[in-house]
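> Chains A and B supply the protein sequences, listed in that same order.
Numbering-wise (the working numbering), the first sequence opens with residue 1 and increments by one.
Numbering-wise (the working numbering), the second sequence opens with residue 1 and increments by one.
Simulated from the structure, these hints should not be mistaken for lab results.
Keep in mind that this is a model prediction, so the values were computed, not measured.
There's no promise every hint is true.
As the list claims (entries may be wrong) - Derived lysine-lysine pairs resembling BS3-like cross-links, with alpha carbons at most 30 Å apart:
1) B:LYS393 <-> A:LYS329
2) A:LYS265 <-> B:LYS185
3) A:LYS375 <-> B:LYS88
4) A:LYS375 <-> B:LYS185
5) A:LYS372 <-> B:LYS274
6) A:LYS354 <-> A:LYS37
7) B:LYS184 <-> A:LYS265
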Amino acid sequence: MDFALNEEQLMFQETTRQFLESKGDLTLPRDYMNGNKQVLEDLWNGLGSLGFMGINISETYGGLGLGALSLVPILEEMGRSVVPGPYPETVAFTAPLLEAYGSVEQKQKYLPEIAAGHRKFSLALLEENGELSPADIQLKAEQRGNDYILQGKKLLVPYADIVDTLIVPVRTGGTSQGEYGISLILVDCKQPNISKQELRSMDETRKLFNVEFHDVAVPSTQLLGAENEGWAILDQGLNYVNAAFASTMVGGIERVVEMSTEYAKTRQQFGQPIGRFQAVKHRIVDMKLALESSRSLSYYASWAAENNAEELAEAVSMARSFISEAYIKAAGANIQNHGGMGFTWEFDCHLFLKRARSLGNHLGSPEYHREKVAKELGWSDVVPEMMML
Amino acid sequence: MDFAYTESELAFQQELRAWLEENLPEGWLEGKRVVPENEDQKAVFLRDWQRKLAEGGWAGISWPKEYGGRGATLMEEVIYEEEMARVKAPPVLNIIGTAMVGPTILQIGTDYQKERYIPKILNGEEIWCQGYSEPNAGSDLAAIQTRAVKKGDKWVINGQKIWTSYAHLADRCFLLARTENTGKKHEGITAFLVDMHQEGVETRTIRSINDRRDFNEMFFNDAIAYDEDIVGEVNQGWKTSLTLLSHERVGVARQTFRLQKQFEELVELAQLLKKNGRPLAADPLVRQNLAIFRAKTKALLFNYYRHLTNTIRAGRPGPEGSMDKLASSELGQEMLAYAMSLQGAAGTLWKEDAFVDQNWQQEYLRSFAYTIEGGTSEIQKNIVAERILGLPKDIKY
Ligand SMILES: Cc1cc2nc3c(=O)[nH]c(=O)nc-3n(C[C@H](O)[C@H](O)[C@H](O)COP(=O)(O)OP(=O)(O)OC[C@H]3O[C@@H](n4cnc5c(N)ncnc54)[C@H](O)[C@@H]3O)c2cc1C
Numbered sequence: 001m002d003f004a005l006n007e008e009q010l011m012f013q014e015t016t017r018q019f020l021e022s023k024g025d026l027t028l029p030r031d032y033m034n035g036n037k038q039v040l041e042d043l044w045n046g047l048g049s050l051g052f053m054g055i056n057i058s059e060t061y062g063g064l065g066l067g068a069l070s071l072v073p074i075l076e077e078m079g080r081s082v083v084p085g086p087y088p089e090t091v092a093f094t095a096p097l098l099e100a101y102g103s104v105e106q107k108q109k110y111l112p113e114i115a116a117g118h119r120k121f122s123l124a125l126l127e128e129n130g131e132l133s134p135a136d137i138q139l140k141a142e143q144r145g146n147d148y149i150l151q152g153k154k155l156l157v158p159y160a161d162i163v164d165t166l167i168v169p170v171r172t173g174g175t176s177q178g179e180y181g182i183s184l185i186l187v188d189c190k191q192p193n194i195s196k197q198e199l200r201s202m203d204e205t206r207k208l209f210n211v212e213f214h215d216v217a218v219p220s221t222q223l224l225g226a227e228n229e230g231w232a233i234l235d236q237g238l239n240y241v242n243a244a245f246a247s248t249m250v251g252g253i254e255r256v257v258e259m260s261t262e263y264a265k266t267r268q269q270f271g272q273p274i275g276r277f278q279a280v281k282h283r284i285v286d287m288k289l290a291l292e293s294s295r296s297l298s299y300y301a302s303w304a305a306e307n308n309a310e311e312l313a314e315a316v317s318m319a320r321s322f323i324s325e326a327y328i329k330a331a332g333a334n335i336q337n338h339g340g341m342g343f344t345w346e347f348d349c350h351l352f353l354k355r356a357r358s359l360g361n362h363l364g365s366p367e368y369h370r371e372k373v374a375k376e377l378g379w380s381d382v383v384p385e386m387m388m389l
Numbered sequence: 001m002d003f004a005y006t007e008s009e010l011a012f013q014q015e016l017r018a019w020l021e022e023n024l025p026e027g028w029l030e031g032k033r034v035v036p037e038n039e040d041q042k043a044v045f046l047r048d049w050q051r052k053l054a055e056g057g058w059a060g061i062s063w064p065k066e067y068g069g070r071g072a073t074l075m076e077e078v079i080y081e082e083e084m085a086r087v088k089a090p091p092v093l094n095i096i097g098t099a100m101v102g103p104t105i106l107q108i109g110t111d112y113q114k115e116r117y118i119p120k121i122l123n124g125e126e127i128w129c130q131g132y133s134e135p136n137a138g139s140d141l142a143a144i145q146t147r148a149v150k151k152g153d154k155w156v157i158n159g160q161k162i163w164t165s166y167a168h169l170a171d172r173c174f175l176l177a178r179t180e181n182t183g184k185k186h187e188g189i190t191a192f193l194v195d196m197h198q199e200g201v202e203t204r205t206i207r208s209i210n211d212r213r214d215f216n217e218m219f220f221n222d223a224i225a226y227d228e229d230i231v232g233e234v235n236q237g238w239k240t241s242l243t244l245l246s247h248e249r250v251g252v253a254r255q256t257f258r259l260q261k262q263f264e265e266l267v268e269l270a271q272l273l274k275k276n277g278r279p280l281a282a283d284p285l286v287r288q289n290l291a292i293f294r295a296k297t298k299a300l301l302f303n304y305y306r307h308l309t310n311t312i313r314a315g316r317p318g319p320e321g322s323m324d325k326l327a328s329s330e331l332g333q334e335m336l337a338y339a340m341s342l343q344g345a346a347g348t349l350w351k352e353d354a355f356v357d358q359n360w361q362q363e364y365l366r367s368f369a370y371t372i373e374g375g376t377s378e379i380q381k382n383i384v385a386e387r388i389l390g391l392p393k394d395i396k397y
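The following block holds chain A by itself, in its conformation from the complex (with noise of 0.2 Å):
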C-alpha cells in the first residue's frame, strides 16, 4: 500500500513550480489574456527543455518513458498558476495514443516534436448537438484517392489559433450513428481550407474556435488507427485528457486554498484576522476538504490511466464530476472570503473562477459523468417505456 506520489514525482513537482515562478506565475495567464502570444512559446520551449513535454514519451523519441502520474505534479503546478496552452491535450490525449496506435511515421513525425516542445495539439470534437456520444459525430471525410476530403464544421475548438495540429473525430463509414464508422485523422492546421472564427470566452486563458474545414484534403496516412475504428481510441483518449484536467483543477483548487487562508491571517476586522471568525474559518475548512478529496480522485484517475486499470472509465469520470464541481465551489468561496477585493479584475481570484468554469462542463458535464459512472457500474438502467419514443 503505497499512495502518494513518489520522489521523482515530488521533485517534478518542485520543478514546475520554480519554472513557472520564474515566468512569473500568475502573470502567464495575464499577459496572455493581454493578446501575448509570445508567452505560450517561452513555456513550450522551456517545458520542453525540462523534459516535462516528453514526461510519457517513450525514450526512443525522445522522451522519458514514464507513465500519467508522472504527469500529475506538473498538471498540478500548471492549474496553480491557471497556465494557458493545449497542455493536456498535446501531451495526456495525444502523446499515449500516438504512441499506442499511431504509424511508424506518425511517431517520427510528431513524438520528438512534442517531446522537444516544437508541436502543439487541440482536439476538434463537438459538432451542432454540442455532446460527446457518437451520434454526435457526423463531420465527414470522404476518401479520394490517397486523401480523405473533410467538410463540415468543429465546435468550441480550444487553441486552434495557434496549434499546430488537430485530431479530429470524422465519420468514414458506418451508419450515422453508430460507433462504427468514426475515424480519428490528425490534421495539421497549414493545411488550407480551414477557417477559424474565435469566439469570446470569459476564460480568456483559454480560447476557443469554431473551426471550418471546407474539401480539406487531407492524407489517408494522417489517419490515427485503423479506419472506423477510431470510437474506443477516442474514449481512451479522453478518460487520459479528462484525467489530465482533473489534476490542473486539483492545482487550482489547492491555490484557492492558500489564497484564502493567506488573507484569512493578514485581514483584520472588528480588530481581528477575519479567520478567526468561524464563518470565515470553517469555510475554508470546506475548502480544503474538498481540495484533499479531489486530489485523491486525481490520484486514482491517473493511477488508472498509468495502468490502464479495468475501472478507468469510472474512476476518471468519477474524479471530474467531482472536481468540477468542486473547484467551481471553491473559486467561488475564494472571492467571497476576499470581499470586495474578491470581486475586482485587479485581483487573480477571478482567474480561477473562470477557468474552473470553463473546464467544468468541457469533455463531459458532471452530469454526463456521473451517468457514465452509473453505467460502468452496472447499476440498473433500464430506459422507461416513455422515454423511448
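With chain A's structure known, arrange chain B with the ligand on it following the hints.
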C-alpha cells in the same frame, strides 16, 4: 502508487476471513444481522462476541505478543478493520479497553496495573468505559469539575459524568477528575482507573433518539480510588488523555470502511425499491445522487490511504485524522438520510415494521451522533483550521 497488500498481509487477511466464517454469530454472513434489542440479551450477546474475539486472538491485535496480542502492524490493523466492516461484524463491547486503555497502560502504566488489568481487558472479563464528558464540559473538556481529593491513602471522588457509553455494562472506568485548581483548565487533571462496582458509583442509562440505552449518566458520591489507580502523573491527566487518544490508530479506518459497505447497501436498496415498476436505480436523478455518493465514499477511502501512506513514511501520524473524521461523519449522515428518502412514505416505519431492513432506520437515527461523539464537527473544523491550515485560534476563555 499501488494498492497491493504484501504476501504476509494477504495471509493475515485470509486467516481472519477464515476465522470470521467459523465464528460469526449464526446466520450473520447470510444477512441476519440483528443485535438483540432487549438490553439484557444485548449485553449477553456483546459479551459473548467479545469473548469469542479474545479466544480467537482477534481482540487487541496490536498488543504485543507477550500480553496476548499479535503485535499487529499498522497495515494489519487496517486490514482487520476492513474485514470487520466487510462482514459488518457486531460491535466490540470492550473497544475502549482494547483500543485505548490497554495500550495506554502498556505504554505508561505501572507493573501493578499491567498485571492487574491487562489480561482481563483482552479476554473481556472486565469491560471498560471512558468517563470524560460532564454536563458542563463537553467540547470544552478541560472544564471538568468532577473532583478527586486525597484523604489518607484514598482519593475521594465526587461529581457527575454524562454520555458515558456502556457505563452500565462496565466494570472499570478510565476517569478524568480534577485534583487541583490552578486556574488553568488543562492543569490539575488526573486520570484514574476506577472500580465501577462500588457504592459511591451510580449509573443511569440515558435513552437516545434511536430508542437505545447505550450511554449513561454516572454519579460519583465519595467514590474511592487509590494511588495505584492513577495513570501517568498526578495533575498530568491531560497528557495521559492525549496518550490514550494516540492509541486510537484505526478509528478513522473503521469509519471509512464502514461507509464503503454502507454505500454498497445504498445501491442495493435503490435496486430493490421500485417506483412504477422500475428500480429506483434506473431513475436518472437517483443515479446522479448515487454517483455523487460513490465519488465521496471513494474519495474518503483514498484520502485515508494517502494519510496512511504519510503515516507509514513518516513513522507517525499527522494531524490529518481530523479531516477524515469530519468528512466521514458528515458523509455517513448524508447517505443515511438519502436512504430514508429513497424509502418514501413508509421510510419512517421502524423496528419489526421496517419497510426493508430495520438497520436503515436504526442507523439513520444513530448517524446524528456521528458528528457529535468524539469531538463535534465544529470542533474538528477548528482543529483542521488551526493545526493544518494555521488559521487563528478561536478566542477562548
Ligand atoms: C453516542 C455518544 C456517545 C458518547 N460516548 C461518550 C463516552 O463514552 N465518554 C465520554 O466521555 N463522552 C461521550 N460522549 C460525549 C461527547 O464526547 C460529547 O457529546 C461531545 O464532546 C460534545 O459535547 P456536548 O455534548 O457537551 O456538546 P457541546 O459542547 O455543548 O456542544 C453543543 C454545540 O455547540 C457547538 N460548539 C461547542 N463549542 C464550540 C466552539 N468552540 N465553536 C463552535 N461550536 C461549538 C458544538 O459543536 C455543538 O454543535 C458521547 C456522545 C455521544 C453522542
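> Now, for every hint given, state plainly whether the structure supports it.
Against the structure, the hints come out as follows:
Distance restraint check for B:LYS393 and A:LYS329: the Cα-Cα separation of roughly 25 Å lies within the 30 Å cut-off, and the hinted pair is therefore satisfied. Restraint check for A:LYS265 and B:LYS185: the C-alpha separation of about 27 Å stays at or below 30 Å, so the hint holds. Distance restraint check for A:LYS375 and B:LYS88: the Cα-Cα separation of roughly 27 Å lies within the 30 Å cut-off, and the hinted pair is therefore satisfied. The straight-line distance between the Cα atoms of A:LYS375 and B:LYS185 is roughly 56 Å, outside the 30 Å bound, and the hint therefore fails.
The hinted pair formed by A:LYS372 and B:LYS274 meets the criterion: a straight-line CA distance of about 22 Å does not exceed 30 Å. Between A:LYS354 and A:LYS37 the CA atoms are separated by roughly 20 Å; this keeps the pair inside 30 Å, and the hint holds. Of the supplied pair hints, the one linking B:LYS184 and A:LYS265 holds, its CA atoms being roughly 27 Å apart against a limit of 30 Å.
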